[in-house]
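In case you want the letters, here they are:
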Amino acid sequence: MPKIRNLEDLRKIKESAKDLTAARSGGRTRIIVGMGTCGIAAGAREVMTAILAELEKRGVKDVAVETTGCIGMCQFEPLVDVIRPGEPRITYGNVSPEDVPRIIAEHLINGNVVTDKVIGRTD
Amino acid sequence: MPIYRAHVLVCRGTGCTASGSGEVFKAFREELAKKGLDKEIMLVETGCHGMCEMGPIVVVYPEGAFYCGVTPKDVPEIVEEHLYKGRLVKRLLYTMPEEMLKVPHYKDIPFYKKQHRIVLRNCGFIDPDRIEEYISRDGYQALAKVLTSMKPEEVIEEVKKSGLRGRGGAGFPTGLKWEFAHKARGDKKYVVCNADEGDPGAFMDRSVLEGDPHSIIEGMTIGAYAIGSDEGYIYCRAEYPLAIKRLRTAIAQAEEYGLLGDDIMGSGFSFHLHIKEGAGAFVCGEETALMASVEGRRGMPRPRPPFPANSGLWGKPTNINNVETWANVPPIVLNGSDWYAALGTAKSKGTKVFALTGKVKHTGLIEVPMGITMREIIFELGGGILGDKGFKAVQIGGPSGGCLSEQHLDLSVDYESLTGAGAIMGSGGLVVMDEDTCMVDVAKFFLEFTQRESCGKCGPCREGTKQMLLMLNAISRGEGTLEDLDKLEKLAQMVKEMSLCGLGQTAPNPVLTTLRYFRHEYEAHILEKRCPAKACVALIHYTIDPERCRKCGICARNCPVECISGDRNTPYVIDQDRCIKCGTCIEVCPFHAVEKI
Chain A
-18 MPKIRNLEDL
-8 RKIKESAKDL
2 TAARSGGRTR
12 IIVGMGTCGI
22 AAGAREVMTA
32 ILAELEKRGV
42 KDVAVETTGC
52 IGMCQFEPLV
62 DVIRPGEPRI
72 TYGNVSPEDV
82 PRIIAEHLIN
92 GNVVTDKVIG
102 RTD
Chain B
209 MPIYRAHVLV
219 CRGTGCTASG
229 SGEVFKAFRE
239 ELAKKGLDKE
249 IMLVETGCHG
259 MCEMGPIVVV
269 YPEGAFYCGV
279 TPKDVPEIVE
289 EHLYKGRLVK
299 RLLYTMPEEM
309 LKVPHYKDIP
319 FYKKQHRIVL
329 RNCGFIDPDR
339 IEEYISRDGY
349 QALAKVLTSM
359 KPEEVIEEVK
369 KSGLRGRGGA
379 GFPTGLKWEF
389 AHKARGDKKY
399 VVCNADEGDP
409 GAFMDRSVLE
419 GDPHSIIEGM
429 TIGAYAIGSD
439 EGYIYCRAEY
449 PLAIKRLRTA
459 IAQAEEYGLL
469 GDDIMGSGFS
479 FHLHIKEGAG
489 AFVCGEETAL
499 MASVEGRRGM
509 PRPRPPFPAN
519 SGLWGKPTNI
529 NNVETWANVP
539 PIVLNGSDWY
549 AALGTAKSKG
559 TKVFALTGKV
569 KHTGLIEVPM
579 GITMREIIFE
589 LGGGILGDKG
599 FKAVQIGGPS
609 GGCLSEQHLD
619 LSVDYESLTG
629 AGAIMGSGGL
639 VVMDEDTCMV
649 DVAKFFLEFT
659 QRESCGKCGP
669 CREGTKQMLL
679 MLNAISRGEG
689 TLEDLDKLEK
699 LAQMVKEMSL
709 CGLGQTAPNP
719 VLTTLRYFRH
729 EYEAHILEKR
739 CPAKACVALI
749 HYTIDPERCR
759 KCGICARNCP
769 VECISGDRNT
779 PYVIDQDRCI
789 KCGTCIEVCP
799 FHAVEKI
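Residue numbers (our numbering), protein chains in the order written: chain A, -18 to 104; chain B, 209 to 805.
Chain B with its partners taken away, still in its complex shape (with noise of 0.2 Å):
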């Protein structure tokens, strides 16, 4: 085999490959072939690198350059520079926004400094289609040692005594959930893994299964075997095509290996995985209408219990766990609970993936050690609010989460500490929000959704979330009364309490959480007929201030519905009944002369 001197490690994730890595993948490969050097220097194509708005983003080793926004027009400077003459290609690096220094090293740049990658471990480092990789840097050295040394209850008691807890969102211990499945009776068990990841702005399961799907195969094995199991069920979305086709080629990977299937590493013990396809329901997130959607049913929960532990898939004792506890079970069993106990909080250990978005300079993906404050996460890695502006709140949790505001940014990020708060940690979406984000808005998004994927089992879920969204719309149209809110704030807590399932039970939480904490918004609505952060259309409008208009007439031009009319001689003026508030006349005029108010 030769020996290649450099690696040019080209990010192969969606995001990355949304926006244009194959032709850069492909540039490469010419390139590179043209100059003589594809003996030597080694193309890669890797999962998710986490900073998806740089994209396409391409590593080169051994100096762990990292170029930002690739395009094939850059190839051929990349390989006659640094991969020829061993020049940096300055202009291609990654920039400090504030200092405007260019960064050369991967390992220095603020978003990764702070981070702490266990279940991103190989994520953006190995190529996912080839197993040679994940094998070298420690793949299924786990399985082999739980193989060749350890009884299940074994490693039920490692996995316990580590405080690995549910990275679905409930935070349940990983080990006694095993335990459960392991003492339930049962000549036939399943494991499952819930890769159904629904919330609006999550990425992280996703970026696991595409950029490291053996770590998931590992884990599932490692469990298979803990509990008793020899067949399990990963249930990813039909919306994931690239995760799945990865997946695929890694199941078939691992079995020509031996790695799965029958008689794994000569031990005796079999497993087999399959793949199972969901139709992108949110409600199959939820571990019951997962097993129903498995078996071929409609998608909807049951009540508990039976838990799966005892009854799971076709009734057998089954184990769900989600994408990223999975991918923490190797590392766990191969460096000992005491290495991962070590890392994180009293009651909340190891570390979590989160998916970064909203109005931050740096959006992407994330793993944080449990207990970093949001302050850290928002001002160190994500470098703080987009245009400098100020902050105002951000969701944790998705749909199901709840709105935090300034007063909690220096809370310790832990499964506790945020339900204390009425947030839940979930399964890891963060969105932050500006000083121009509208709460009411943000609360009327989110139950818009959760409203949209009840699955209508059960009442309070299905008529609760639609009346609350009639309350929030009425508000947010200067409709409301005070009355409202406190009849919003019972149905939400109702809701809350009686639905059937996860989902119900925590639709509500956007809507307590901003009555909690910006409640003064909601009255400006009710009160003023006024949006402080004008963002609801109902309660805005624009005008043209005589002063300032030129009398250009691109305002005019522009309007979709043509309602702005005037002259070189008087200055132009908005028909407010024929407005559709489109906001374009704002972007378009040159002079400023347009306001919101």
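The following block holds chain A by itself, in its conformation from the complex (with noise of 0.2 Å):
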């Protein structure tokens, strides 16, 4: 384990621990994934393989990746929604893992909505 020998460095030290206590407070941005039976039926498990993956590769840490159980909309499982703080809630359906790089890219880092998944949106 290094020494600390200034600010510079805890900061460095607080900032690589920061996600392990982050997911314990609100207030970031959300990914739920629709893991309802329809929504394991229809390949959601793959789908949240893929978004845990995707984060990883991008270092993104601010992200609460939580799971919810069946809304009703089967037919459009996997569902995903992503909030962004203070943005309306977007729902996107049918997501498949090839979806999820282009979701989390344009959506959740750059804050464009992927318009063309998207069968929801509730303020």
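The set of hints was computed from the structure by calculation and includes no laboratory data.
Computed from a prediction, not measured in an experiment: that's the story for all the values here.
We treat Cβ as the ideally placed atom computed from N, Cα and C, and that holds for glycine.
Keep in mind that a hint or two might mislead.
Across the chosen pairs, the derived CB separations fall in these ranges [unchecked claim]: (1) Ala86/A <-> Arg295/B: 27 to 37 Å; (2) Gly24/A <-> Glu588/B: 44 to 54 Å; (3) Asn91/A <-> Leu450/B: 41 to 51 Å; (4) Arg65/A <-> Lys247/B: 23 to 33 Å; (5) Arg39/A <-> Lys315/B: 27 to 37 Å; (6) Pro798/B <-> Gly24/A: 19 to 29 Å; (7) Ile100/A <-> Arg295/B: 13 to 23 Å; (8) Lys322/B <-> Glu(-11)/A: 32 to 42 Å; (9) Asn(-13)/A <-> Gly504/B: 35 to 45 Å; (10) Glu588/B <-> Arg65/A: 44 to 54 Å; (11) Gly40/A <-> Lys353/B: 23 to 33 Å.
In silico DSS-like pairs for lysine-lysine, Cα to Cα no more than 25 Å straight-line [said to hold, decoys possible]: (12) Lys359/B <-> Lys(-16)/A; (13) Lys247/B <-> Lys(-7)/A; (14) Lys38/A <-> Lys247/B; (15) Lys(-16)/A <-> Lys293/B; (16) Lys353/B <-> Lys(-7)/A; (17) Lys396/B <-> Lys293/B; (18) Lys298/B <-> Lys234/B; (19) Lys98/A <-> Lys293/B; (20) Lys453/B <-> Lys(-16)/A; (21) Lys247/B <-> Lys(-1)/A; (22) Lys247/B <-> Lys42/A; (23) Lys(-5)/A <-> Lys353/B; (24) Lys396/B <-> Lys524/B; (25) Lys315/B <-> Lys42/A; (26) Lys243/B <-> Lys38/A; (27) Lys(-1)/A <-> Lys353/B; (28) Lys(-5)/A <-> Lys247/B; (29) Lys359/B <-> Lys396/B; (30) Lys(-1)/A <-> Lys315/B; (31) Lys369/B <-> Lys234/B; (32) Lys42/A <-> Lys293/B; (33) Lys315/B <-> Lys298/B; (34) Lys42/A <-> Lys243/B.
Two chains, two frames, some hints: make the complex.
Structural data, given as structure tokens:
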């Protein structure tokens, strides 16, 4: 373990340790994956794995990835919701693992909704 | 580093560990691995959440779902339903006792809603064995600020301005204490953390030591810098093995990172910290006795002055603060004195941690702003009296504190108001009593404790507490006289004024306050030979109502001294001479035929 020699060292450790506890405080961007029986059957688990892999690849840390049960729109599963702080909740339908990098890069990071996959929007 | 989408926090405080959270943690580890979720869900062992009676407690983030009474058998369901499919396991969520409503989120539980957590900011939220988690929550930032941009005098000024007062009980202004030690002459100075928490029913300090040990290390290092010390001791009772283990880990990690030891953060300032295990004598919580014990001598107090600030450990200037006081220091330095002083009352700033125990619905550890009323603590945070019985009294400040009655429920909880009512803030024990509690018995209980713990050095405490106890024993047997009451009061006053240290000076408080607010109960014991709460064994007896007795014989079979006789044709009767008044018959009788009179 390297010794902390100055403020900068401490800040670096704090930065790298941030995701250790970040998931425990609210107020960040949320990704919610539908994990009802319908979602799982439609491949939600693979979508979830793809999301986690993409976030890790890009080093995005300030995101809460949550799961939720069936919300009734089973024919559109896998459903993925993205909520950026202060913005409406966007629901994407029929999401495949291949769609994930696009949603994360364009919507989550750059703030541009991926319109062709959107099926709902809640303010 | 992989992204963890969810965090499962299993409480490993002493309370939850005792109710089996170790097995729960193991079950989670196995189940997560089995389901292939161990790479995306982080499993964390934390310190105490405060709601120990609901343990083992498991909190799942990011939702903040609060699961109570979790057993290893529940783990597969939580993993499958919540962590895999995102559905809360409703049956394990916290339930509001009145409305029977399930409360999914940590922050919505009434027990936590009124709390303001400064000292307990990290307890139950971080893994105390990982310094990185403490750092991620602004840990050691205050120390960095002090070492890089503040002079010792400025640190003292900031603590003075915050209005922080000693949380060990006496409430001496912390900044002033630091200033005395800072100004004292000497090339060698010490700082000490008093972690000799000995009040019956109190576990505030233990929870901080177990749940957030780094906050104490950081606080002490800042204090050492302010007074010009390079060495410190944490005096912790050996009965807190988990606290000591976590402290040792924390000290080793801080040293490894260069946050403790020589040349901290390259600033040239050095501070070394040791742990001294105490053998659990109550008197060692008194600062001069504590220092004697650290030095390896018998733990006995000595007269002051000289005060520790001038002549403490090995005759060197020493600054002693309690666990909770030290844990308050980093947030004060980091957020500024104004932030802290905005909380609380005119003379008592900030928050206070209490161990709420006794006959309330929710016992546990709470941190509330100063100035809150006793009513809010007992009826809102505590959820009211167990079994919806009547409230009778609350003992604040442990065996050194006093019993407050219903008239004090709206009293502001701060140093001055409590002292005015004859109690003390103390270290933060709160024992709530219902209508079935006998106040003579309560006074006796606390006095038995202080009498046993008296070190015997000074006469008033050694002999006085013993004589007071003998009088109380006689009264509870119905053998007291009204004259005894006056004598008891006089003696209590004398012990209070003449004892050498805080133990003797406060030991009479439970007696004096019960005499002041519940004198009629003493008088009932003396004049009517009656214990109104039916608690004093010598003044009660058990009888069987022949009308209600169904002659089943369950009482007779369960009586440990076989003093109940009867058969299928004759109702059962208790032989009063042989009865030891254990109360077994009243518990086992299915027809409520046994009465306590």
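Structure-based check of all given hints:
no. : hint                                : result
1   : Ala86/A <-> Arg295/B: 27 to 37 Å    : holds (30 Å)
2   : Gly24/A <-> Glu588/B: 44 to 54 Å    : holds (48 Å)
3   : Asn91/A <-> Leu450/B: 41 to 51 Å    : holds (48 Å)
4   : Arg65/A <-> Lys247/B: 23 to 33 Å    : holds (26 Å)
5   : Arg39/A <-> Lys315/B: 27 to 37 Å    : holds (30 Å)
6   : Pro798/B <-> Gly24/A: 19 to 29 Å    : violated (60 Å)
7   : Ile100/A <-> Arg295/B: 13 to 23 Å   : holds (22 Å)
8   : Lys322/B <-> Glu(-11)/A: 32 to 42 Å : holds (40 Å)
9   : Asn(-13)/A <-> Gly504/B: 35 to 45 Å : holds (39 Å)
10  : Glu588/B <-> Arg65/A: 44 to 54 Å    : violated (36 Å)
11  : Gly40/A <-> Lys353/B: 23 to 33 Å    : holds (28 Å)
12  : Lys359/B <-> Lys(-16)/A             : holds (24 Å)
13  : Lys247/B <-> Lys(-7)/A              : holds (24 Å)
14  : Lys38/A <-> Lys247/B                : holds (15 Å)
15  : Lys(-16)/A <-> Lys293/B             : violated (42 Å)
16  : Lys353/B <-> Lys(-7)/A              : holds (16 Å)
17  : Lys396/B <-> Lys293/B               : violated (61 Å)
18  : Lys298/B <-> Lys234/B               : holds (22 Å)
19  : Lys98/A <-> Lys293/B                : holds (23 Å)
20  : Lys453/B <-> Lys(-16)/A             : holds (23 Å)
21  : Lys247/B <-> Lys(-1)/A              : holds (18 Å)
22  : Lys247/B <-> Lys42/A                : holds (15 Å)
23  : Lys(-5)/A <-> Lys353/B              : holds (15 Å)
24  : Lys396/B <-> Lys524/B               : holds (6 Å)
25  : Lys315/B <-> Lys42/A                : holds (24 Å)
26  : Lys243/B <-> Lys38/A                : holds (23 Å)
27  : Lys(-1)/A <-> Lys353/B              : holds (20 Å)
28  : Lys(-5)/A <-> Lys247/B              : holds (22 Å)
29  : Lys359/B <-> Lys396/B               : holds (19 Å)
30  : Lys(-1)/A <-> Lys315/B              : holds (22 Å)
31  : Lys369/B <-> Lys234/B               : violated (47 Å)
32  : Lys42/A <-> Lys293/B                : holds (22 Å)
33  : Lys315/B <-> Lys298/B               : holds (16 Å)
34  : Lys42/A <-> Lys243/B                : holds (24 Å)
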